[in-house]
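Novice: Letter by letter, the chains look like this.
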Amino acid sequence: MASLKQLTEREERLTGGHRLCAGCGASIIVRQILLATDYPVVVSCATGCLEVSTTIYPYTAWKNPFIHNAFENSAATISGAEAMFRAHKRFGTIPQDKKVKFIAFGGDGGTYDIGIQSLSGALERGHDFMYVCYNNEAYMNTGIQRSSATPMGASTTTSPAGKVIPGKKQYPKDLTEVIAGHHLPYIAQVSPGYYMDLIKKVEKAMEIEGPKFMNTFSPCPRGWRHAADASIDVAKLAVDCCFWPIYEIENDVYNLTGQSNLIATGKKEKVPVTEYLKTQGRFKHLFAPGNEEILKNIQEEIDRRWDKLVKLSSL
Amino acid sequence: MPDDHEINYNSYKELPPSPIATGSSLVFKTGGWRTMRPIIDLEKCKKCGICWKYCPDVSIIIVEDLPKVDLDYCKGCGICANECPFDAIVMVEEESI
Chain W
1 MASLKQLTER
11 EERLTGGHRL
21 CAGCGASIIV
31 RQILLATDYP
41 VVVSCATGCL
51 EVSTTIYPYT
61 AWKNPFIHNA
71 FENSAATISG
81 AEAMFRAHKR
91 FGTIPQDKKV
101 KFIAFGGDGG
111 TYDIGIQSLS
121 GALERGHDFM
131 YVCYNNEAYM
141 NTGIQRSSAT
151 PMGASTTTSP
161 AGKVIPGKKQ
171 YPKDLTEVIA
181 GHHLPYIAQV
191 SPGYYMDLIK
201 KVEKAMEIEG
211 PKFMNTFSPC
221 PRGWRHAADA
231 SIDVAKLAVD
241 CCFWPIYEIE
251 NDVYNLTGQS
261 NLIATGKKEK
271 VPVTEYLKTQ
281 GRFKHLFAPG
291 NEEILKNIQE
301 EIDRRWDKLV
311 KLSSL
Chain V
1001 MPDDHEINYN
1011 SYKELPPSPI
1021 ATGSSLVFKT
1031 GGWRTMRPII
1041 DLEKCKKCGI
1051 CWKYCPDVSI
1061 IIVEDLPKVD
1071 LDYCKGCGIC
1081 ANECPFDAIV
1091 MVEEESI
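Respectively, the protein sequence lines represent chains W and V.
Quick note on the numbering used here: the first sequence kicks off at 1 and runs consecutively.
Quick note on the numbering used here: the second sequence kicks off at 1001 and runs consecutively.
Since the hints were derived computationally from the structure, they do not count as laboratory data.
Don't take every hint at face value.
Claimed, not checked - One-sided excerpt, in silico: chain W residues whose CB lies under 10 Å from chain V:
(1) Leu-4
(2) Thr-8
(3) Ala-22
(4) Thr-55
(5) Tyr-57
(6) Phe-71
(7) Gln-117
(8) Gln-170
(9) Pro-192
(10) Ser-231
None of these values were measured; they are calculated from a predicted model.
Beta carbons are placed, not taken as given, at the ideal position from N, Cα and C, and that holds for glycine.
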């Protein structure tokens, strides 16, 4: 693994001057992922905060080739670019030994909801690319509407907490498990708070041929209603309370990594989910009297999913 | 790589044939958004690079192992100050500087 010093000497492929909010998780994730590899990369991006804020016409914050097409087809676009690259190699217009890595970015809206069919198709066709979902748990770009990644109890503009409903009523979809059904060579779930773990996983994924998927936890100070400087703290807490376990699935073998491994083996203590919920304004109403039941249900669901994951993992 | 210069299209005839970006977003000095400025105490700094790796705006630059804030683009989110394990970074109100 590259040392921090080596990483600092690498060229930044995302420049400053992008218009993401102060403290945004998405740009931290993009920087960490692109710094983890030395290969030239081609990036495609689904419509979302990241795309809108980094490529305001006619300017771009990317130093690598970047394609934006539409909301639903980030994976289809990158698979087309990858197929073209292979065709050029076949025709001899690109040298055979040239290595380029293809990375698609999408938010949770562009991955969990709108882009899932193109993602599933590209994974099934077996293109050599990596899909990175930066999951900020709602449609932040259009004004915090609920998505299928929004956790239960979160107040969004389309699931507002009030007298009628206490925030979103459903549990979030577990997309990493949905993708696991594609039996890919490499699938990982990561959090930018645990940086070394993320870098290790990206380095590993870049050496594997075939479709790869990475689900990343991306704090959003604006939509989650926490202070801009708390993004990394929140990203760490989500892992500590097992709401967002960090693990990898390599050829159907589950492996809890980093902090999640320490929790599963009893070396670190699992934090109650209330500690995590307390940090964000979107869950504030859950701590009002009368909502104890919801907190209990959330904790039970997290425990249930965590226990299932621990059982699947080889510790 | 597109250049760091401003682009002004005066008519549709000047537009490139397809919607491609021809300029770098480095033109936009997002430092203007800042209300709090990070001040680094280099005597307390242990060169761990934590501020650098968590910066969302590529605004911590490592010069000879030591961090430096790029005030042109720093939005003042305060992640660096919050995450620094040695309390070497403090956030100071812009107005007081």
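Novice: It remains to establish, for every hint, whether it holds in the given structure.
Specialist: Each hint, compared with the structure:
no.	hint	in the structure
1	Leu-4	holds (5 Å)
2	Thr-8	holds (5 Å)
3	Ala-22	holds (4 Å)
4	Thr-55	holds (6 Å)
5	Tyr-57	holds (7 Å)
6	Phe-71	violated (16 Å)
7	Gln-117	violated (25 Å)
8	Gln-170	violated (30 Å)
9	Pro-192	holds (8 Å)
10	Ser-231	holds (6 Å)
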